[in-house]
Amino acid sequence: MILALTIWVITLVTTALFIGRYWWFPAVASAHGPALDQQFMLTLVVTGLVFILAQLGLGYLIVHFRDRPGRHVRYSHGSNKLEILWTLATTVLFFSVVLAGQDIWASLNLQNAPAGSLQIEITGQQFQWNVRYPGADGKFGKTSNTLINDSAGNFVGLDERDAAAQDDVVVPTMAVPVNRPVELLLRSKDVTHSFFVRELRIKQDAVPGMTVPIHFTATKLGTYEIACAELCGLGHHRMRSVIEVLSEADYHNWLKERSD
Amino acid sequence: MTEAVHVEPVVHQAPQGFIRKYIFSLDHKVIGIQYYLLALFSVMVGMLLSVLMRFNLAWPGTEVPILETLFPVGAPGGIMTPEFYLSLMTMHGTIMVFFVLTTAPQSGFGNYFLPLQIGAPDMAFPTLNMLSFWITFVSLLVLLAAFVVTGGAPISGWTGYPPLSALGEIAGPGLGTGQTLWVASIALFCVASLLGALNFITTTIDLRTKGMSMMRLPLTVWAWFVTAILALLAFGVLLAAGVLLLLDRVVGTSFFIPAGLVVSDQMINHKGGSPLLWQHLFWFFGHPEVYIAILPGMGVTSQILSTFARKPIFGYRAMAYAIMAIGLVSFIVWGHHMFLSGMSPYSAMVFSLTTTAVAVPSAIKTFNWLGTLWGGRVRFTTAMLFAIGFVSLFVTGGVSGLFLNQPSVDIYLHDTYFVVAHFHMIMGVAAIFGIFAATYYWFPKMFARHLSERLGKIHFWITFVGVYSIFMPMHFLGVMGNPRRYAEFTAFEFLADVVPIHEFISIAAFVTIGAQLLFAVNFFWSIARGKIAEINPWSATTLEWTVPSPPPHDNFGGRAPVVHRGPYEYSVPGASRDFILQSEPEMKVVHQ
Ligand code: HEM
Ligand SMILES: [Cu+2]
Ligand SMILES: [Cu+2]
Chain A
1 MILALTIWVI TLVTTALFIG RYWWFPAVAS AHGPALDQQF MLTLVVTGLV FILAQLGLGY
61 LIVHFRDRPG RHVRYSHGSN KLEILWTLAT TVLFFSVVLA GQDIWASLNL QNAPAGSLQI
121 EITGQQFQWN VRYPGADGKF GKTSNTLIND SAGNFVGLDE RDAAAQDDVV VPTMAVPVNR
181 PVELLLRSKD VTHSFFVREL RIKQDAVPGM TVPIHFTATK LGTYEIACAE LCGLGHHRMR
241 SVIEVLSEAD YHNWLKERSD
Chain B
1 MTEAVHVEPV VHQAPQGFIR KYIFSLDHKV IGIQYYLLAL FSVMVGMLLS VLMRFNLAWP
61 GTEVPILETL FPVGAPGGIM TPEFYLSLMT MHGTIMVFFV LTTAPQSGFG NYFLPLQIGA
121 PDMAFPTLNM LSFWITFVSL LVLLAAFVVT GGAPISGWTG YPPLSALGEI AGPGLGTGQT
181 LWVASIALFC VASLLGALNF ITTTIDLRTK GMSMMRLPLT VWAWFVTAIL ALLAFGVLLA
241 AGVLLLLDRV VGTSFFIPAG LVVSDQMINH KGGSPLLWQH LFWFFGHPEV YIAILPGMGV
301 TSQILSTFAR KPIFGYRAMA YAIMAIGLVS FIVWGHHMFL SGMSPYSAMV FSLTTTAVAV
361 PSAIKTFNWL GTLWGGRVRF TTAMLFAIGF VSLFVTGGVS GLFLNQPSVD IYLHDTYFVV
421 AHFHMIMGVA AIFGIFAATY YWFPKMFARH LSERLGKIHF WITFVGVYSI FMPMHFLGVM
481 GNPRRYAEFT AFEFLADVVP IHEFISIAAF VTIGAQLLFA VNFFWSIARG KIAEINPWSA
541 TTLEWTVPSP PPHDNFGGRA PVVHRGPYEY SVPGASRDFI LQSEPEMKVV HQ
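Heads up: the protein sequence lines correspond to chains A and B, in order.
Using our numbering, the first residue of the first sequence is number 1, and each one after it goes up by one.
Using our numbering, the first residue of the second sequence is number 1, and each one after it goes up by one.
By construction, these hints were calculated from the structure, which means they are not laboratory data.
Cβ coordinates follow ideal geometry from the N, Cα and C atoms, glycine included.
Watch out, some of these pointers could steer you wrong.
Covered by chain B, per the in silico footprint, the following chain A stretches (three or more residues, Cβ under 8 Å) [said to hold, decoys possible]:
#1 88-95
#2 145-154
#3 198-210
Here chain A stands alone, though its shape is the one from the complex (with noise of 0.2 Å):
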């Protein structure tokens, strides 16, 4: 009896949480953003009716078939069109769901930036991110291990003879122009790292001896934190920087201010 009470009061308190939303996603501000937030949102409402469901009809059966007087238990060994029933049920419904979101996934990883979007190069370390844009010529120029050197400021190896190289612009924190495609190239010098912005709903691990690249297009303008997702050392939870979505113009700006 109790127990049936607990379970409900519990499964109230949860449906009710999840539908006050009082803790709840940052707003969004990519492109794909919303589609990926729609799809949460559909499989929040069918595993909340499974939830709720399962757990009342829990509720419910202890109550009503617990021992008492007079009670005949109805003797069975199951059903088989039962348990094709659910098992058909269950089975269209979850990979219903699934399937609904493979293509938001496809979109983001199996087709390419679009042609023109704007190259970043991003490079973990312990623990700080460095972004490096191709500067004015738009080519990234040569890097190489051997010549990082944190002491003298070379976070990324750039290599100063090459002429691609002498413009290129490394800083510790992003800008990225609204509503153009970005094209981000995911490294890392020592260990796995995670690139994770919550309001572009990206994430992306940044493997140490692979480019990962990812594609977004930020849609709101703002300043948004980006953390560490990806487990690197004993400064993983400040593993911190930050993207700021600017205009155009202010985004030209910004980064002429940091290539002289």
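Following the hints, complete the assembly by docking chain B with the ligands onto the known chain A.
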């Protein structure tokens, strides 16, 4: 498969002397209890670590003088360092997954009750059995030693991702000797688990008594059997991965370390390895591992629901097939841990679908549990409360899986507290509830006394409400984007919002963990003073309830029982009692 095997009972000499009887025992029952006590010790350590962690998460930077006395290195000036937090976290996860959840349900209860439930005098290979326990024991010692070596325990998490775990001290404190001990401990644990798995599989196939066909096995035996197969296939792979990591660390090979790394401004002299290789090997083991942890709990839940609903299990065959299906499919879903790892986005989509497939048999089990309650006469013993709690937690932890198996949604939720909520619910607490349910259920058989039901119920109530209070709010932390494995939430502006929730969770955790003392007291007090139990106090049907408590050394006194029916014949119409033992001959049942 269905042909029952009749085995001539082996004549066992009961051992003489304390050491052969209780320390280096060959008796599966003693070994089962040894495993159980090892897990009990481990879970206490794991809990203590989580108390420290929860304190730091809610009140970071607080000066607590006693901490300095206890951990002069980890908490200089009474304030925990971030690396100390991460080492607690790594050890907590490792201890809980390996030494609690893999140990108690399978090696503990499985060892004790599998031979009894199939009518065998012992495990197939008693010496191997003893060996697996003692290797596990050494493995635990090796792991705990990491706490006291210089540099302390490793900080790379229970998943030990390289390069962090492969590079040594240069990548952080605890990554030197501590990490090496961690890898060695895991490798030993793999060896022990492989030996144990062989034993379980052989025993189930060869030592079933006359009449005990596969489709008459209690569902607990099905669960232990399939779990052993999973362990055999999964731990071998982890062992290989562990050995390679050890070689990278100690000999200087480069299986997991790519060329050109620069750590703390120093070139690393390795080339040619791949960090993703470890992730594939680890999760090839890791996903089956979560089923290794939970399948025995599912078996126990089925057994207990049927016993205390006084009704046959609903859909016995569907339940057995679902266990097999889960076992099979769990080997092709590991990539759902790696959607954002840099692996091919095409494989992400495939792994997403296979993972969805594994959700189906899990749902089938839930429906059948509900079907078992339907039309029954439910008795609320403490064991039953925990079994019902298991079903509730399994549903709650299961539905959040449907978010995480979608690569798109996982972009946001991956490595946030949503994941911490999900795996604690389904793998952590659900499995713990399975262990508690099994303990309250089988204690009378193991120790011939009952646990106190009154203390047990108080224990249940605090624990049930407690775990929901701890882990339910973590879903919202995940939705707010709170990353996991953070030692504190002080460096980000957006994390200011999560602090009150973490305070609430910590308080809930302290209360819940405190309540576990009730269980410890109940356990040890009842061994000495508990109410004396009859042979079959729950009026249950399976073979362990036909022998004295505790069962004699060779279980059935040299006379193998003969099985005449399925395992869950409760409330059979026309029968004189509301349960019929598996070993009761046919004619006693009056057919309608
Ligand atoms: C009341 C009991 C428990 C509490 C308060 C608790 C608390 C925690 C906390 C605070 C973390 C660290 C989260 C982070 O920093 O990201 C954690 C991680 C973990 N816990 Fe628990 N836990 C409990 C029980 C369990 C149980 C029963 C298991 C068994 C499976 C378990 C397995 C783990 C694992 C595998 C990790 C991950 C460690 C890692 O990230 O490497 N915990 N737990
Ligand atoms: Cu990090
Ligand atoms: Cu998994």
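Counting residues of the stretch 198-210 of chain A that have a beta-carbon nearer than 8 Å to any beta-carbon of chain B, does the count reach 3?
Holds: 10 residues of the stretch 198-210 of chain A have a Cβ under 8 Å from chain B.
Three-residue Cβ test at 8 Å for the coverage of the stretch 88-95 of chain A by chain B
With 4 residues close enough to chain B, the hint holds.
Taking beta carbons only, do three or more residues of the stretch 145-154 of chain A come closer than 8 Å to chain B?
holds (count 6)
When the structure is compared with the earlier hints, no violation turns up for any of them.
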